[in-house]
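Q: Let's have the full structure, built from the sequences with the hints guiding it.
Order-wise, the sequence lines are chains B and A. Our numbering numbers the first residue of the first sequence as 1 and each following residue consecutively. Our numbering numbers the first residue of the second sequence as 1 and each following residue consecutively.
If you are wondering where the hints come from, they were derived from the structure by calculation, not from laboratory data. Predicted model, so just to flag it, every value in this text is computed and none were measured. Here a beta-carbon is modelled for each residue, glycine too, at the ideal position from N, C-alpha and C. Worth double-checking, as some hints may not be accurate.
[Said to hold, decoys possible] Cut-off 27 angstroms, straight-line C-alpha distance, at most; resulting in silico cross-link-like pairs (DSS-like, lysine-lysine):
id : chain 1 : residue 1 : chain 2 : residue 2
1  : A       : K565      : B       : K44
2  : B       : K112      : A       : K59
3  : B       : K31       : A       : K532
4  : A       : K59       : B       : K120
5  : A       : K565      : B       : K346
6  : B       : K31       : A       : K447
7  : B       : K117      : A       : K532
8  : A       : K447      : B       : K120
9  : A       : K565      : B       : K117
10 : B       : K44       : A       : K59
11 : B       : K120      : A       : K368
12 : A       : K565      : B       : K112
13 : B       : K350      : A       : K59
[Stated by the list, open to error] Okay, the calculated bits of chain B under chain A, using three or more residues with CB under 8 angstroms as the criterion:
id : segment
14 : 132-144
15 : 234-245
[Said to hold, decoys possible] Some chain B residues well away from chain A (every beta-carbon gap over 12 angstroms; in silico):
id : residue
16 : S8
17 : K184
18 : R277
19 : A333
20 : Q394
21 : K395
22 : T398
23 : V400
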Amino acid sequence: MITFLTYSVIILAIVSMVYLARIADLTRDLKGGNEADVPQSENKQSALGFIIFMVGLFASYIWLIQEYMPMTLPQAASEHGAKIDGLMNINLIVVNIVFVVINILLFVFAFKYESSKREKADFYPHNNTLELIWTIIPSIFLAVIITWGLYVWSGIHQIKVDSTLWIAGLGLLITGAAIIGLLKNLVAEIRVTVGGSLMLFGAFFCSYFFIAKNSINTEVSEEPLVIELYARQFDWTARYAGADQKLGAAHVRYIDGANTVGINTEDKAGLDDQIVRNEFHIPKGKPVRFVIRSQDVIHSAYMPHFRAQVNAVPGMPTSMSFTPTITTQEMRADEKTRKKYEKINKIREKRGEEPIEFNYVLLCNKICGATHYNMKMDIVVDTPEDYQKWLSEQKTLTEVLGPSEEAQQEENIAQL
Amino acid sequence: MGAHTHHHQESFITKYVFSQDHKMISKQFLVTGLVMALVGMLMSTLFRLQLGWQGESFKILNFFLGDKWAPDGVLDPNMYLALVTMHGTIMVFFVLTGGLSGTFANLLIPLQIGARDMASGFMNMLSYWFFLVASIIMIASVFVQGGPASAGWTIYPPLSALPQAIPGSGLGMTLWLISMTIFIASSLLGGLNYIVTVVNLRTIGMKMTRLPLTIWALLVTAILGVLSFPVLFAAALLLVFDRSFGTSFYLSDIFINGAALDVSGGSPVLFQHLFWFLGHPEVYIVILPALGISSEIIATNSRKPIFGYRAMILSILAIGFLSFIVWAHHMFVTGMNPFLGSVFTFTTLLIAIPSAVKAFNYLTTIYKGKLNFTPAMLFAIGLVSTFVSGGITGIILADAALDINLHDTYFVVAHFHIVMGMSAVFAMFAGIYHWFPKMYGKLMNRKLGYVHFWLTIVGAFGVFLPQHFLGLAGAPRRYYENTAFPMFDDFVELNEIVSIFAIIGAIGQFVFMFNFLYSIFRGQRSSQNPWKSNTLEWTTPVEHVHGNWPGALPTVHRWAYDYSKPGADEDFIPQTVPLAPGEQDEGNH
Numbered sequence: 001m002i003t004f005l006t007y008s009v010i011i012l013a014i015v016s017m018v019y020l021a022r023i024a025d026l027t028r029d030l031k032g033g034n035e036a037d038v039p040q041s042e043n044k045q046s047a048l049g050f051i052i053f054m055v056g057l058f059a060s061y062i063w064l065i066q067e068y069m070p071m072t073l074p075q076a077a078s079e080h081g082a083k084i085d086g087l088m089n090i091n092l093i094v095v096n097i098v099f100v101v102i103n104i105l106l107f108v109f110a111f112k113y114e115s116s117k118r119e120k121a122d123f124y125p126h127n128n129t130l131e132l133i134w135t136i137i138p139s140i141f142l143a144v145i146i147t148w149g150l151y152v153w154s155g156i157h158q159i160k161v162d163s164t165l166w167i168a169g170l171g172l173l174i175t176g177a178a179i180i181g182l183l184k185n186l187v188a189e190i191r192v193t194v195g196g197s198l199m200l201f202g203a204f205f206c207s208y209f210f211i212a213k214n215s216i217n218t219e220v221s222e223e224p225l226v227i228e229l230y231a232r233q234f235d236w237t238a239r240y241a242g243a244d245q246k247l248g249a250a251h252v253r254y255i256d257g258a259n260t261v262g263i264n265t266e267d268k269a270g271l272d273d274q275i276v277r278n279e280f281h282i283p284k285g286k287p288v289r290f291v292i293r294s295q296d297v298i299h300s301a302y303m304p305h306f307r308a309q310v311n312a313v314p315g316m317p318t319s320m321s322f323t324p325t326i327t328t329q330e331m332r333a334d335e336k337t338r339k340k341y342e343k344i345n346k347i348r349e350k351r352g353e354e355p356i357e358f359n360y361v362l363l364c365n366k367i368c369g370a371t372h373y374n375m376k377m378d379i380v381v382d383t384p385e386d387y388q389k390w391l392s393e394q395k396t397l398t399e400v401l402g403p404s405e406e407a408q409q410e411e412n413i414a415q416l
Numbered sequence: 001m002g003a004h005t006h007h008h009q010e011s012f013i014t015k016y017v018f019s020q021d022h023k024m025i026s027k028q029f030l031v032t033g034l035v036m037a038l039v040g041m042l043m044s045t046l047f048r049l050q051l052g053w054q055g056e057s058f059k060i061l062n063f064f065l066g067d068k069w070a071p072d073g074v075l076d077p078n079m080y081l082a083l084v085t086m087h088g089t090i091m092v093f094f095v096l097t098g099g100l101s102g103t104f105a106n107l108l109i110p111l112q113i114g115a116r117d118m119a120s121g122f123m124n125m126l127s128y129w130f131f132l133v134a135s136i137i138m139i140a141s142v143f144v145q146g147g148p149a150s151a152g153w154t155i156y157p158p159l160s161a162l163p164q165a166i167p168g169s170g171l172g173m174t175l176w177l178i179s180m181t182i183f184i185a186s187s188l189l190g191g192l193n194y195i196v197t198v199v200n201l202r203t204i205g206m207k208m209t210r211l212p213l214t215i216w217a218l219l220v221t222a223i224l225g226v227l228s229f230p231v232l233f234a235a236a237l238l239l240v241f242d243r244s245f246g247t248s249f250y251l252s253d254i255f256i257n258g259a260a261l262d263v264s265g266g267s268p269v270l271f272q273h274l275f276w277f278l279g280h281p282e283v284y285i286v287i288l289p290a291l292g293i294s295s296e297i298i299a300t301n302s303r304k305p306i307f308g309y310r311a312m313i314l315s316i317l318a319i320g321f322l323s324f325i326v327w328a329h330h331m332f333v334t335g336m337n338p339f340l341g342s343v344f345t346f347t348t349l350l351i352a353i354p355s356a357v358k359a360f361n362y363l364t365t366i367y368k369g370k371l372n373f374t375p376a377m378l379f380a381i382g383l384v385s386t387f388v389s390g391g392i393t394g395i396i397l398a399d400a401a402l403d404i405n406l407h408d409t410y411f412v413v414a415h416f417h418i419v420m421g422m423s424a425v426f427a428m429f430a431g432i433y434h435w436f437p438k439m440y441g442k443l444m445n446r447k448l449g450y451v452h453f454w455l456t457i458v459g460a461f462g463v464f465l466p467q468h469f470l471g472l473a474g475a476p477r478r479y480y481e482n483t484a485f486p487m488f489d490d491f492v493e494l495n496e497i498v499s500i501f502a503i504i505g506a507i508g509q510f511v512f513m514f515n516f517l518y519s520i521f522r523g524q525r526s527s528q529n530p531w532k533s534n535t536l537e538w539t540t541p542v543e544h545v546h547g548n549w550p551g552a553l554p555t556v557h558r559w560a561y562d563y564s565k566p567g568a569d570e571d572f573i574p575q576t577v578p579l580a581p582g583e584q585d586e587g588n589h
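A: As structure tokens, then:
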């Protein structure tokens with residue numbers, strides 16, 4: 001029945017298109033018109049169409065903002081994340097203004113200067129002043145955005161720069177100026193383009209030196225807690241350094257049975273490492289440095305609530321750091337989070353599913369295979385006390401591998 | 001150059017199949033591109049069914065994919081990734097590069113510069129046949145055991161290198177690589193030809209500063225292609241070695257399926273640098289012809305010169321140049337040196353300046369014009385909207401600090417689909433409606449064109465505007481479903497809405513397909529210059545002749561944009577009309 005209906009709909013659609021086209025052809029032929037000459041009535045319709053479309057576009061955009069902006073990520077739960085959010089908000093404001101203004105101008109112009117309303121078009125081929133204005137205004141805005149963005153970015157990564165950078169920048173500036181000023185034999189366009197580009201990059205390197213210098217955190221911060229996130233198809237494992245605060249050496253060739261992340265059992269630092277699955281904990285207010293490894297393909301360790309992400313690359317350990325600022329409990333009480341989860345649970349109830357509570361998550365955000373979409377780990381941000389308690393309950397590698405292996409280890413060590 | 005007409009009889013084969021005439025080759029590119037577009041669109045509609053109604057059964061999925069890939073009408077997760085991959089590959093390379101550049105570069109370059117044909121007709125023919133073979137292989141790869149390539153259109157190794165990692169990385173991936181290699185050959189043959197033709201075969205008086213912007217855009221596009229595609233070729237070749245000959249350029253320290261592989265010293269990040277060294281210019285290879293086409297159509301139908309002709313050329317050149325030094329903005333979170341991230345943030349945001357100039361110049365061109373809403377003009381105006389609406393989110397994504405949290409989320413999907421996907425598709429449609437009379441001697445049905453446009457633009461924004469919000473919620477792209485992440489459950493309805501708009505948009509394309517075929521056979525015959533346009537292609541006869549102009553080649557006396565010039569009788573002055581005494585050539589002062 002459904003098949004029959006489907007085919008009928010398709011046939012009907014084709015027939016109606018044929019008729020629409022035929023009718024259009026017939027009316028055109030009757031009026032002696034031409035497909036190329038758009039009648040004024042149709043021009044008016046299209047012009048009106050643009051206005052209706054614009055209103056519809058903005059109305060749906062406002063509806064989306066009202067309905068779904070509250071469902072986006074809550075406030076950042078990390079120190080640097082708050083800075084990213086500040087930068088994001090400014091960007092969003094500017095982007096929205098441009099989006100609204102340009103689209104209004106475009107569609108209103110389309111309406112206003114439609115053929116039937118106009119005697120003749122203006123001949124207005126160019127205006128250097130105008131063009132200069134709309135080159136310079138975006139440039140100034142971009143200079144602000146770039147500076148601010150790079151300040152945040154260098155702060156996150158604590159990018160170290162030394163004086164060679166501004167010296168190189170100065171060199172480029174001078175070279176560029178020299179090309180423009182001295183090489184009079186060259187065509188002016190080439191001289192200005194090449195020299196100007198060099199000067200632009202020179203200016204960038206000089207200013208970047210100061211941006212990066214100022215973003216360096218000079219306060220002596222405590223040693224970060226180091227945690228390894230280990231990715232494979234299709235799950236995550238977290239490894240804590242144990243009592244000695246040192247992660248043991250590891251390589252995929254040591255993967256064996258319960259030793260799933262390939263810790264070199266001959267490295268003593270590894271024996272007290274604690275391996276956890278499904279969920280890992282981090283303490284509030286303490287800097288955490290994640291070392292990220294992958295054993296097979298590229299994955300991406302994405303922790304959206306902390307505004308943190310870096311790829312897990314086989315053969316090349318990567319890292320990222322952040323300081324969590326909001327515990328899981330606190331975030332559950334957060335206004336925006338509460339509302340979001342109320343809505344989620346309403347939807348789940350309708351589908352007959354269990355209600356859920358907010359949890360920080362680690363997702364895989366790089367296509368990695370068939371069940372990429374299932375690759376996750378929950379994150380719990382504890383108070384430092386709760387964190388210590390939880391950590392002390394986690395098994396060490398020695399405990400996981402069992403006594404027989406441990407005995408084997410000791411024998412090996414004795415033989416050395 | 002004297003009259004040079006070929007009167008020798010052409011056989012069916014040399015005229016329609018192995019044709020060396022640029023007009024026929026352009027039609028061949030167009031039809032192949034449209035077929036590929038239909039396939040790519042169908043694929044996206046199929047996976048949108050899964051994304052909108054997760055885990056539900058659809059007969060149509062089973063109809064297209066069979067019991068193996070859609071048992072009981074539910075899409076298989078591997079096939080989902082395969083569809084996503086093939087949709088991306090087909091749309092980016094086969095539709096918006098081969099289909100768009102191939103069609104319009106072939107059609108317009110000789111006609112708009114006043115040349116008899118491309119510099120090398122034979123190379124041009126090869127370019128099409130390589131393209132066709134590549135298309136056929138790409139489509140064929142869908143039907144192999146294990147499915148087509150499934151590692152995303154960016155085919156990052158090790159996922160694309162190891163058949164153990166995903167079934168699509170077996171024979172499907174091999175065919176993908178073979179197909180792309182042939183595609184690259186096609187693109188290079190075409191691109192070299194375009195460059196040589198524009199540089200050498202311009203007719204008398206056709207200075208570079210009198211070229212229509214379409215030609216400028218297509219020229220810079222061809223240069224970008226010739227400089228960047230070989231790098232993809234190298235990247236693909238090394239991947240072939242890794243896959244088939246035991247090298248490890250991209251592989252290192254891998255343990256998969258219970259065994260450690262004997263690979264070391266390679267770097268997956270190297271592949272990404274090579275890939276994006278092509279990949280980023282590639283998005284400009286897609287968008288520049290689109291901007292060229294829209295410049296031409298907006299000027300013609302506004303009955304106004306394009307505003308700031310020189311600034312438009314300079315911005316095309318600036319975008320072209322900058323496109324080569326921004327590639328690593330796709331790699332901010334790969335673990336690459338963060339200092340590099342800073343540099344690429346800077347260079348990427350610079351692109352906003354020439355792009356803004358272009359957008360403002362479009363607006364000023366429309367301002368105080370006398371707008372004639374042919375279907376082509378509707379699409380060109382739609383392009384300005386999508387180019388701006390999608391482009392501005394690029395400012396956010398270009399910022400390395402902001403990209404950390406938006407990388408690979410739906411925000412990115414929304415951004416590039418609007419700015420590059422939709423804009424380029426709109427330009428392709430605009431170009432087809434506008435130059436259809438030049439290709440087929442007929443006019444396309446206007447009313448069906450309107451229906452097509454409104455369905456398409458509503459579909460486009462309906463699909464991609466909501467996806468920004470998914471991205472801001474942290475939803476990753478390429479997720480088959482979100483059962484493991486109930487934090488996205490509140491977007492269930494929105495996903496349905498997106499899928500419904502995707503279906504609306506898809507239906508709109510069938511209106512176009514119908515109109516295209518109907519107009520070829522039943523369309524009204526076109527006059528020589530239906531849009532009252534200035535450019536040279538409208539001085540050729542409606543019936544195609546080999547060599548384009550039956551008599552001598554036209555001589556050019558002015559730029560292409562003398563619309564509504566004060567003092568002229570009509571609101572257009574073709575480029576072939578000599579300057580009146582005391583009249584100045586606007587493009588050259």
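Q: Run every hint past the structure and note whether it holds.
A: Hint by hint, here is what the structure shows:
no.: 1; hint: A:K565 with B:K44; in the structure: 25 angstroms, holds
no.: 2; hint: B:K112 with A:K59; in the structure: 48 angstroms, violated
no.: 3; hint: B:K31 with A:K532; in the structure: 21 angstroms, holds
no.: 4; hint: A:K59 with B:K120; in the structure: 56 angstroms, violated
no.: 5; hint: A:K565 with B:K346; in the structure: 64 angstroms, violated
no.: 6; hint: B:K31 with A:K447; in the structure: 15 angstroms, holds
no.: 7; hint: B:K117 with A:K532; in the structure: 19 angstroms, holds
no.: 8; hint: A:K447 with B:K120; in the structure: 25 angstroms, holds
no.: 9; hint: A:K565 with B:K117; in the structure: 19 angstroms, holds
no.: 10; hint: B:K44 with A:K59; in the structure: 43 angstroms, violated
no.: 11; hint: B:K120 with A:K368; in the structure: 9 angstroms, holds
no.: 12; hint: A:K565 with B:K112; in the structure: 21 angstroms, holds
no.: 13; hint: B:K350 with A:K59; in the structure: 25 angstroms, holds
no.: 14; hint: 132-144; in the structure: holds (count 5)
no.: 15; hint: 234-245; in the structure: violated (count 0)
no.: 16; hint: S8; in the structure: 15 angstroms, holds
no.: 17; hint: K184; in the structure: 22 angstroms, holds
no.: 18; hint: R277; in the structure: 14 angstroms, holds
no.: 19; hint: A333; in the structure: 17 angstroms, holds
no.: 20; hint: Q394; in the structure: 23 angstroms, holds
no.: 21; hint: K395; in the structure: 22 angstroms, holds
no.: 22; hint: T398; in the structure: 22 angstroms, holds
no.: 23; hint: V400; in the structure: 18 angstroms, holds
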